[in-house]
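**Student:** Sequence:
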Amino acid sequence: MKKQMMAMFLILTLFLLAACSSEGESKGKNEETSANAKETEQESNEKESVDVDKGLMNVEVTLPESMFEGESIENLKAEAEEEGIKKVTQNEDGTITYKMSKSTHKELMNELETNLKDTIQETEKSEDYSSIKEVVHNKDFSVFTMVVNQSDYENSMDGFATMTLGMSGLMYQLFDGAEAEDYSVTIKIEDEETGETFDEVVYPDAMEDTEVE
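According to the working numbering, the stretch in the sequence shown is residues 1 to 213, in order.
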């Protein structure tokens, strides 16, 4: 389940990077790592996160190795070149780094925000989630509140909507520079009549719980 989530990250990431690259400079190069001084568990966490290094003029986005299983660096470079991305670099730990201007990174974050808000609107209007009346969120998309008809919600599969919101919120935080051990999305389920929260889902914990089961 975790790999499926990372695969979704990859698809949207490459799409957005390609869109942004037509308006800004996007280059990649190797980063020197200081992983030798870190604990094994920390190294593992870093490999599963998206590392964002915000410099004075540029932003480096490093994607985890798990996003590229079965893909050769040659294919990635060729695909990136076709989309206007000038250089893609594979680091010693298997991660892939894209380097872009701050304006390009800002464009990327704007695209992520727009897509997330579109997802929220689709969730509110979708006939597939008829019990969901409204979805509100905080500024960094780390907390969502789904206002629902409790009876209809509990007797439906509308809870699957939390997965889409959860993964989208996680992706936004990761590309904005959140550390692997710090990022999370809390989704509160609120009854429209009473205003009381009767359930709560936290990602990525919910994904790990599903994986264990």
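Check before you lean on any hint, since a few could be wrong.
Said to hold, decoys possible - Here are the simulated SDA-like pairs of lysine to any residue, each with C-alpha atoms no more than 20 Å apart in a straight line:
#1 Lys-133 - Lys-106
#2 Lys-139 - Asn-155
#3 Lys-117 - Asn-58
#4 Lys-139 - Met-109
#5 Lys-102 - Met-57
#6 Lys-106 - Asp-152
#7 Lys-188 - Gln-173
#8 Lys-139 - Gly-70
#9 Lys-139 - Lys-87
#10 Lys-139 - Glu-124
#11 Lys-102 - Val-201
#12 Lys-139 - Gln-121
#13 Lys-125 - Asp-176
#14 Lys-188 - Asp-152
#15 Lys-133 - Val-143
#16 Lys-125 - Gln-150
#17 Lys-125 - Met-109
#18 Lys-188 - Val-201
#19 Lys-139 - Asp-118
#20 Lys-117 - Ser-130
#21 Lys-188 - Gly-177
#22 Lys-133 - Gln-150
#23 Lys-106 - Asp-118
#24 Lys-87 - Thr-114
#25 Lys-133 - Glu-122
#26 Lys-139 - Thr-123
#27 Lys-139 - Tyr-172
Honestly, the hints are just simulated from the structure, not real lab data.
**Student:** Determine for every hint whether it applies to the structure shown.
**Tutor:** So, going through the hints one by one against the coordinates:
{"no.": "1", "hint": "Lys-133 - Lys-106", "in the structure": "31 Å, violated"}
{"no.": "2", "hint": "Lys-139 - Asn-155", "in the structure": "31 Å, violated"}
{"no.": "3", "hint": "Lys-117 - Asn-58", "in the structure": "26 Å, violated"}
{"no.": "4", "hint": "Lys-139 - Met-109", "in the structure": "13 Å, holds"}
{"no.": "5", "hint": "Lys-102 - Met-57", "in the structure": "6 Å, holds"}
{"no.": "6", "hint": "Lys-106 - Asp-152", "in the structure": "40 Å, violated"}
{"no.": "7", "hint": "Lys-188 - Gln-173", "in the structure": "18 Å, holds"}
{"no.": "8", "hint": "Lys-139 - Gly-70", "in the structure": "36 Å, violated"}
{"no.": "9", "hint": "Lys-139 - Lys-87", "in the structure": "33 Å, violated"}
{"no.": "10", "hint": "Lys-139 - Glu-124", "in the structure": "19 Å, holds"}
{"no.": "11", "hint": "Lys-102 - Val-201", "in the structure": "34 Å, violated"}
{"no.": "12", "hint": "Lys-139 - Gln-121", "in the structure": "16 Å, holds"}
{"no.": "13", "hint": "Lys-125 - Asp-176", "in the structure": "28 Å, violated"}
{"no.": "14", "hint": "Lys-188 - Asp-152", "in the structure": "16 Å, holds"}
{"no.": "15", "hint": "Lys-133 - Val-143", "in the structure": "17 Å, holds"}
{"no.": "16", "hint": "Lys-125 - Gln-150", "in the structure": "17 Å, holds"}
{"no.": "17", "hint": "Lys-125 - Met-109", "in the structure": "24 Å, violated"}
{"no.": "18", "hint": "Lys-188 - Val-201", "in the structure": "7 Å, holds"}
{"no.": "19", "hint": "Lys-139 - Asp-118", "in the structure": "15 Å, holds"}
{"no.": "20", "hint": "Lys-117 - Ser-130", "in the structure": "18 Å, holds"}
{"no.": "21", "hint": "Lys-188 - Gly-177", "in the structure": "24 Å, violated"}
{"no.": "22", "hint": "Lys-133 - Gln-150", "in the structure": "11 Å, holds"}
{"no.": "23", "hint": "Lys-106 - Asp-118", "in the structure": "18 Å, holds"}
{"no.": "24", "hint": "Lys-87 - Thr-114", "in the structure": "26 Å, violated"}
{"no.": "25", "hint": "Lys-133 - Glu-122", "in the structure": "11 Å, holds"}
{"no.": "26", "hint": "Lys-139 - Thr-123", "in the structure": "18 Å, holds"}
{"no.": "27", "hint": "Lys-139 - Tyr-172", "in the structure": "11 Å, holds"}
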